[in-house]
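Sequence order for the protein chains is A and V. Taken in order, the first sequence gives residues 151 to 602; the numbers are from the working numbering. Taken in order, the second sequence gives residues 93 to 464; the numbers are from the working numbering.
Honestly, the hints are just simulated from the structure, not real lab data. Hints may be right or wrong, so weigh each one.
Which bits of chain A does chain V cover? Going by a derived footprint, with three or more residues having C-beta under 8 Å, they are [said to hold, decoys possible]:
1) 157 to 169
2) 189 to 203
Label-pair ranges, simulated between beta-carbon atoms [stated by the list, open to error]:
3) A/L213 - V/L179: 57 to 65 Å
4) A/W256 - V/V146: 34 to 42 Å
5) A/A231 - V/L109: 44 to 52 Å
6) A/A184 - V/P164: 22 to 30 Å
7) A/P174 - V/G369: 55 to 63 Å
8) A/L232 - V/S153: 44 to 52 Å
9) V/E366 - A/A184: 48 to 56 Å
10) V/L113 - A/P326: 21 to 29 Å
11) A/P195 - V/N269: 55 to 63 Å
12) V/G181 - A/V438: 40 to 48 Å
13) V/D354 - A/G536: 20 to 28 Å
14) A/T249 - V/V146: 28 to 36 Å
15) A/L555 - V/V146: 42 to 50 Å
Here a beta-carbon is modelled for each residue, glycine too, at the ideal position from N, C-alpha and C.
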Amino acid sequence: MLFCSFIFLLLLMPVTLLGYRLLPERGRLPFLLAVSVLFYGWASPLWILLLAFSMVLNWGGALLMTRGGRRRRWVFVLTLALNLLPLVWFKYAGFLRDTWNSLAPWPLSFATPPLPAGISFFTFQAMSYLIDVWRGKAKVQRRFTVFAVYLSLFPQLVAGPIVRYTDLEAQLLEHPRPTGEQLTNGLRRFCAGLAKKLLLADSVGRFWGLINADFAAAGTLGAWLGLLAFSFQIFFDFSGYSDMALGLGECLGLRMPENFLRPYTSASITEFWRRWHISLSSWFKEYVYIPLGGSHCARWRRDVNMLIVWALTGLWHGAGWHFVLWGLYFAVLLVAEKRLLLGRAWYERLPHALRQGVTFLLVMLGWGLFSGFGTPLLTGLSGGYGASSPETLVRCAAFAPLLLLCACISFLPVPARLRGKALPRLAAPVLMLLCLAALAAQGYAPFVYFQF
Amino acid sequence: MTAKKRKAPSSGRAALLGLSLLLAAGLYALFFPQSDFSTWERRYLSSAPSAPSVADWRLDSEVEAYLSDRVPLRHILVNVDSSVQALTGRRTQLGAWPAAGALVEEPLTVSLNSLERRLKQFGALAEEAGCAWSLIVPPTHGYLLRERMEPLLSALYERETPVYEALSAEPAYLPLNSLFAVAGDDVYYQTDHHWTLKGAYLAYSAFCAEAGRTPLTLAAFRASEYGGFRGTTWSRSGLPWPLTDTLRGAEPDGGVTLTISDNGEVYDHLLFPEQAGGWDGYALYLNGNHGTLTIENPAAPEGTLLVFKDSFANCLLPLLSGSWRTVIAVDARYEGRSFRQVISEAGQVDRLLFVYSADSVMNDTVVARKAR
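Starting from the given sequences, assemble the full structure and let the hints guide the process.
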């Protein structure tokens with residue numbers, strides 16, 4: 151189920167939030183579990199089996215590890231492997247088959263099933279719990295319901311943020327009735343996120359769709375504006391989802407870590423990745439980069455570690471070589487930035503706007519790689535298709551005000567008097583009305599990050 | 093010095109009220125279904141979800157489509173969204189958009205090769221019928237208004253020019269563009285893509301002159317008019333466009349017989365006022381679209397006119413029946429026979445007329461198939 155669907159907005163969300171407030175304390179967690187399972191299985195009931203497998207595997211695996219003894223390591227390794235197995239099968243089997251077939255003279259032939267929503271998110275979340283228990287950083291949860299709610303919590307189940315167990319443990323164990331303040335602020339944040347998704351991301355996404363349908367007609371101007379639109383689409387789509395997730399969490403009295411901190415205001419690639427999809431960057435840093443040696447090793451080794459982490463980050467985003475390339479592109483930029491720019495006086499003296507502009511340009515080109523359009527997009531960007539068609543010019547003019555609005559929201563600093571403040575009181579119902587209107591008129595498009 | 097007043101924490105009452113309203117809207121949509129047909133969208137709404145099957149799971153998409161179609165105040169929500177789009181510069185993303193004071197459809201998808209094929213097909217059919225033929229392809233409303241639009245939009249419609257230039261090279265084509273350009277704004281409806289009675293009468297007069305017949309004056313017909321009409325461009329735009337049109341029709345003053353072959357019904361009139369106030373007001377003319385219909389008017393000069401047409405001809409046919417004793421009209425979309433079959437079964441035909449919108453003549457695959 152998607153947040154931006156009528157079934158969620160008009161039925162499941164109000165029933166859940168009202169029900170959670172009305173229920174006595176002992177009924178709240180089972181209720182949340184039931185809602186989360188319904189939320190996940192609504193698109194395909196068979197996916198519930200996969201989620202249940204992950205719940206039982208990780209809950210049981212962690213319990214077995216506490217028994218200690220020589221088998222502890224084996225239980226840990228086996229549970230980790232069993233976590234990765236469905237992810238590899240559902241997400242990467244087709245990619246591995248195609249890669250094999252393009253290289254080897256003995257082609258493999260097997261069909262791959264559709265990718266279950268959010269499998270990368272909940273698998274990584276489960277693995278973080280398991281690793282934290284293994285390292286002794288998290289206590290084993292003996293109550294299945296508490297662990298199952300942690301893993302399946304519907305606000306962040308399908309598109310993050312990837313929440314570590316230690317961040318939620320105490321809140322899940324207490325699960326007090328949310329206050330009126332939490333409900334109000336949570337709903338305001340949810341409305342802001344919904345508006346980001348439906349009013350901004352989907353709208354600029356339509357422009358990008360028109361451009362990428364025919365790069366030759368789009369010409370140079372169309373290609374650049376299209377890529378700009380895609381950069382805004384992916385940001386507002388994903389950060390909008392995170393806002394909705396965090397808002398719903400707050401409505402349930404749960405505080406989850408921020409996932410985006412105005413990333414397009416970054417003045418370096420390093421800063422960008424501290425502000426973009428923070429929970430994933432933290433995950434890779436904590437569970438891959440640091441175990442590989444982190445930055446406490448030789449410089450060449452640190453650079454190799456970066457390449458490994460970023461190749462894996464690319465692969466996490468999708469099963470395709472262009473995702474790997476996208477990851478490596480950022481690895482190279484980060485290494486180059488660390489070695490050549492950051493900390494240098496002359497670089498720091500450059501105007502912030504210039505560094506911000508260059509950073510955004512590099513990120514935008516990265517999204518070009520990410521989009522998978524490769525050669526046609528590159529030809530368009532480099533002027534290979536020449537001038538834009540009249541249709542493209544009309545489209546560019548039509549979407550220019552929206553792109554400008556997206557740019558203002560993305561790039562400009564928040565005025566001091568608005569910083570840290572929730573959405574004004576009247577803004578939430580107005581945004582909800584506009585979102586329902588957009589949904590009624592245009593249908594809905596799946597989240598970009600839903601497929602990861 | 094007074095202490096700064098601290099804002100009291102929210103009680104959450106407004107949030108609870110909002111959630112209750114959302115839930116009420118959802119329950120209403122689910123348990124108080126409205127009519128299965130949307131008159132303002134001119135379409136059937138999604139049906140209730142079927143019994144779910146795990147092997148073929150479609151419950152999610154079916155429920156979503158059902159709720160989306162039946163959400164309370166949907167018409168207003170669509171109006172709001174379309175208005176937001178139009179106000180933020182994205183009017184050209186709507187199904188039809190306001191330009192030069194009217195609602196116009198998007199520019200044609202130009203396919204000159206397809207047009208050339210169609211003209212050859214029409215010529216071959218006329219040869220088979222053994223009579224002269226004419227072709228009426230009215231210019232689109234957007235094309236007519238292009239010079240009054242802003243430059244970018246104007247350039248978009250300007251791309252239709254080669255279509256009319258290619259048509260002008262065909263001797264059978266009746267050039268209406270210059271006639272319409274000077275006739276004023278009321279040759280097209282403001283809320284519909286069809287021409288008005290005035291536009292149809294201009295085409296009728298031009299065709300009669302071409303066919304060597306003297307057109308009747310409009311006063312010679314029995315005219316009627318019905319206000320409050322909102323057509324397809326209004327529906328497609330989704331905008332709360334405040335204007336309505338007045339449907340005007342004209343038919344020979346008595347003595348006509350209209351036979352609709354689809355259902356065998358026979359009428360003694362060509363205009364259907366009861367349709368004018370319905371969801372498809374354009375069905376005022378000839379009771380809507382039909383496969384084949386025959387109009388007999390004993391008071392008209394002798395001759396049989398065979399018309400292959402789309403809905404543009406519906407307003408024109410009553411006028412033509414004032415100048416031809418028998419008018420047979422065939423709409424490919426509702427007629428099972430090919431045009432060749434129609435011609436061979438029609439008997440003696442004195443003249444062939446093709447009346448199509450530029451879009452139908454180039455891009456309608458049914459017309460292309462039936463005209464082979």
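To see whether the hints hold, each was checked on the structure:
no.	hint	result
1	157 to 169	holds (count 9)
2	189 to 203	holds (count 5)
3	A/L213 - V/L179: 57 to 65 Å	59 Å, holds
4	A/W256 - V/V146: 34 to 42 Å	36 Å, holds
5	A/A231 - V/L109: 44 to 52 Å	50 Å, holds
6	A/A184 - V/P164: 22 to 30 Å	28 Å, holds
7	A/P174 - V/G369: 55 to 63 Å	58 Å, holds
8	A/L232 - V/S153: 44 to 52 Å	32 Å, violated
9	V/E366 - A/A184: 48 to 56 Å	54 Å, holds
10	V/L113 - A/P326: 21 to 29 Å	26 Å, holds
11	A/P195 - V/N269: 55 to 63 Å	59 Å, holds
12	V/G181 - A/V438: 40 to 48 Å	45 Å, holds
13	V/D354 - A/G536: 20 to 28 Å	52 Å, violated
14	A/T249 - V/V146: 28 to 36 Å	33 Å, holds
15	A/L555 - V/V146: 42 to 50 Å	44 Å, holds
Hint check: violations occur at hints 8, 13; the rest are consistent with the structure.
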